[in-house]
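Protein chains in written order, with our numbering: chain B, 1 to 641; chain X, 1 to 492; chain P, 1 to 101.
Each hint should be verified, as a subset may be incorrect.
[Stated by the list, open to error] Below, a list of computed lysine-lysine pairs in the DSSO-like style, where the Cα atoms sit at most 30 Å apart: (1) X:K422 with P:K100; (2) B:K163 with B:K573; (3) X:K425 with B:K588; (4) P:K100 with X:K434; (5) X:K144 with P:K31; (6) B:K641 with X:K422.
[As the list claims (entries may be wrong)] Just so you have them, the derived chain B footprint on chain X, three or more residues with Cβ under 8 Å: (7) 24-36; (8) 152-158; (9) 218-224; (10) 250-261; (11) 265-277.
Keep in mind that the hints were calculated from the coordinates and are not lab data. Just so you know, even glycine gets a beta-carbon here, dropped at the ideal spot from N, CA and C.
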Amino acid sequence: MIMAAAVLWIPLIGSCVAGLISFFNQRTMDDVAKLVTCMCMGVSALVALDLAYDVIIAKKIVHGEMLSWIPLDDHHKITWGLYVDSLSAIMAAVVTCVSFMVHIYSLGYMKGDKSIARFMSYLSLFTFFMLFLVMSDDLLQLFLGWEGVGLSSYLLIGFWFHKDSANAASMKAFITNRIGDMGMVLGIVGCIAVFDSVSIPEILLKLTTFDEAFFRLTDHLTINAYTFICISFLIGAMAKSAQFGLHVWLPDAMEGPTPVSALIHAATMVTAGVFLLIRLSFLFEYAPSVKTAIVVIGAITALFAAVVGLFQKDIKRVIAYSTCSQLGYMFMACGVSMYSAALFHLVTHAFFKALLFLSAGSVIHAMSGEQNMRKMGGLYKHIPVTYALVWIGSLALAGIPLFAGYYSKDWILESLYGYAMDGGSIIPYIIGLSSAFLTAFYSWRLISLVFHGDCKADERVQSHIHEAPMIMLIPKVILAVGAVFSGIALVGFFTSSQLISGAYVFTEIEHHIPGLIQVLPIMVALSGIALAVSVYHTQRNKLAIWLVRFKRASAIIQSGFAVDEFYRKAFIKPLQWLGSFLYHHIEKGLIDRYGPNGFALFISRLSGALRYLQTGNVRDYAIVMIAGLMGMLGYVVVVIK
Amino acid sequence: MIELIKPILPEMILFFGACLVLLLDVFQKFVDHLMNLSSVLLVLCIVAIVLGVPDGVYYHNLCVISMFTGLFKIALLTLALFQFLATSFLMDKYALNKNEHSVMVLFLIVGACVMVSANHLMLLYVGMEIQALAAYTLVVMQRKSEYSAEAGVKYFILGSLASVLYLLGASYLYGAYNTLYLHEIITAIKAGSTLGGLGSILVVSAFLFKVGLFPFHQWVPDVYQGAPTPSTSIISTLSKVTAVAVVLKLICGLFYDNKSLDTRWIFSAIAILSMIVGAVVPIVQTHMKRFLGYSSIGHAGFMLMGIVNIHVVGVSSIIAYVLIYSLTLMMTLICLMSLKDKREPDEERNDLELSKLGGLSQVRPKHAFMLAVCFLSMAGMPPLIGFFPKLLILQYIINQGQMLLTVFAIITTVISLFYYLKIIKLMYIDMPTKQSIGISVNVNMRLLWVFIPAVIIQLLGCYIPILQTIYVQYVTPAAETLIIGTNEKIYS
Amino acid sequence: MIDPFHINILSILVFVIAAMGILISMNNLIKVFLCIELMFLAVSINFIAYAYAAHNIDGHVFTVFLLTVAAAESAVGLGILVFYFRRRSVISVADATVLKG
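With the hints as extra help, turn the sequences into a complete structure.
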């Protein structure tokens, strides 16, 4: 319990210290802020690893109350509690480790930024809220962490608040997440209505005694309560994990500093949705239709994001869409009840995606802030270490054997195949395979464009290209080790144990997987790589000429299938029109004019008029007094009995 | 001998103490310490009240000692003590003789104490005059100021008119019932007669004048503005508390259970009109003390609502209201006093232009915070103590079904919140200008001795049990003695 | 037979005259003070008449006190008058409207 509390609270301490230093604008104390946040994060990461080891080896659950929060009566009280099972412990370990790496990397990346203390404070706060989310024992507390993560992401995406685009992006992330929050609130309310509790263990306990529950909407229309709750939570998870439809904030979130992108994509923000699905898996098992919906959403997201990623020019956006696509995989795995696979992919993905982002940061750093891949090229000579690390990350992402991504992605694909064999549709599996192909393709497209060919940057930028300093390389190297070995090291552990305690116990069906299916993902990935290499190294111009014909189509795909445009036309424009109509005609013209403003105007006029009654002349005062008195006396004479 | 004077020992201490201070003022040696002596006198007096005679009537029914009188006297003395502690080193800035000032305050309190415990119309009159003469003197104390002179003349003429009205009323009551004892009049008035009714209204309206209620309110802003600020703080708090005590006593006595004369409409109308004046006119005011004067009219109207229907709950709400309000007002004025620059006294009027508070939070953050707390408390913001009496009175009139009053009370409270917040905006959002006060002031740290308790008192609202205990143990019994005291029980 | 009612009429007459006097003689503070004194006297008559009719000594005593207090009040009033004169060099309050609004 103490260890768990330490993991949770130590980052907050660091955040507070750095926040205070930033608040009082003590530039000379910046080093203290950096040191404290990194140290706190490091301690927290070490303790989290120890905790994860303890919890997983001893198969125990740490569950304790910290404080009373909302005591309603004896049976209904909501407490600040910690609940650490193996799921939470793994999440906490991943979050703190990646966050620690990002912290150290930020020291180099943000060097010279004048509000670095604020930046470090936000990073630690972000981590704290994520830990709060994963370690909470009830839904309300989880929701608080959920909102805190949203808040921190808002702060960090808009960190460079003097940039309009950063502000817009942070607003977009915040507002999109509001939709998900609505889902969360509905889900929590639904849980209170059905289970009379928000405590996760309690809900699990009660669920086994309940058969079915219904919400009665009208006399004839009822809805299955579990379906309703699960749909609500699904909406919440979709917004946080950037699934298709609510993914629009994720590419724009690249406006934040690159370490933030790494943190959001690898550890903290987007994994929250997947975590929620895994944490509440027992509920989802009661709502099969919602599970199908999860598979569909995950499949659409995986394919869609991979296709869009192909057409991106911005190096960070490629990786962002790649994250989106990988999250689609995790959703699909959840949808077919392979929660361990989802979690496994989450863990491996955290390593290689953080690695890729930090490397992209180094590239951008080397290119003096240039993010357009078309203006890069031939960098492998100048920054060999980063080049090697991007190779490692991309191999892991593409799912090449021995690298981390292979084991988890292969497992997910196998389970999708198993789903098809069990009578489900084969389409998710096909989509998964094609996404894997596209993933490999765009990864090597990135490598080709950035590191090979001729450098297309101007002279001034070229002369500045340099390898990142040591402090930025070390975290990447550590993450690369994770990206290489985490898969092979953990695969036995994830596949063997009944990992997610308290989750719905599903029996693993031992399918006979044909040999062809086993090697298919590798083949697909290798062919993607081969195609990308051949296209971008040999027949580059041909492809470009060929693509020019579909300029319009590629532009649409590049803009993410114009989802943003669609939203703008379908929702934002009409709402703006409605808002402006209500504001000008109803609010201003009617309510304000005759309501508050009219009254205020009347009062101020009355005030101006009444002050003239105070003439300053004693005679008038005496007359008012006597007149008033006469009135009173007259009244008395009339009414007295 | 000591047994004989024991019931009026506090008044005696104050009276002879005031004379002593006046005498010692002649000797150069003592001049600097007389303010402290006055404070000691006040403390002695509080002790004398606390350890004083048991409740009852003394000197052939002339003087009443009860929970009610004790509470009000202690409140008066405590307020004066606050004032003395805070202002003893501020007086020089006002070109006031601080010893004369404190003598006059002591005399004012003597009169006030006599009024609070008087049970006889003549004694009430004498107390009222002692208090009023001291108050007139306090207003004109700043001898170089034209504004002070004008305010003094206005206050004197209108105050004399009010006391003559009181005398006329007293003579009618005497003519109607052949007695000047309040308790006998109260018993007799139930029968009802035109002369008695007129007399009672006249007598009450003299004190409505002192409180500053609607048709008699016009002196309030002028005098508050013209008087030097230390005198303003005395007149606006001590005089008002006394007047409210007497109004409560008279109304509870004369109109409680009075079948012959229904005064509800009169008092409702006065309360509503006062609240309107107090809510609307301050909006356009530019002078701080004038503004406070108008707003105090509104507060008086709000208080009066509690007694439209006479009941213990309403009376105790009023007692709570007046005590808390006058404490808050005194804190506000002390704060303003401590911001006074050393300038010509003639500029006193312009010294407290509202616009000069602009950006005070940057120049004098402690003062700005204190003022903000006081204004929010007066506006009735929940965590502060000023919220509770407002709540009590509103709750009472709603329970009594006085919907008209309730509507007006709420509307005017909202409007008044606007102008209080306007000042807070001035202090916290606007930038300081060259005219802003407080820049050149050398603030004495002794003020913290007043500020800190004041803020603590204001924040007592956060811990309701204390307030509840005080209210139940002291205020409600005081109100009960007033209502129950009107019957014959304690009179021999 | 003169009963208190008649004296009451007299007293009201005097009182109203004095009140009118206050209202119309604002240009001279001394006249105002005189009128206030007159009002005190009007009330005194009232007291004495009632006391006489009721064979009750309270009214007489009140009158004595009243006159004493009135004297004190005049003293303070005259003091204020002197002060006012020094500052303004007039004893008219008709145009004393510095404080208004």
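Structure-based check of each hint:
1. X:K422 with P:K100: It holds: about 22 Å lies between the C-alpha atoms, which stays within 30 Å.
2. B:K163 with B:K573: holds (24 Å)
3. X:K425 with B:K588: holds (24 Å)
4. P:K100 with X:K434: holds (26 Å)
5. X:K144 with P:K31: Holds: X:K144 and P:K31 sit about 25 Å apart, inside 30 Å.
6. B:K641 with X:K422: violated (49 Å)
7. 24-36: violated (count 0)
8. 152-158: holds (count 4)
9. 218-224: Result for this restraint: holds, n = 4.
10. 250-261: With 3 residues in contact (Cβ-Cβ under 8 Å with chain B), the coverage given for the segment 250-261 of chain X holds.
11. 265-277: holds (count 3)
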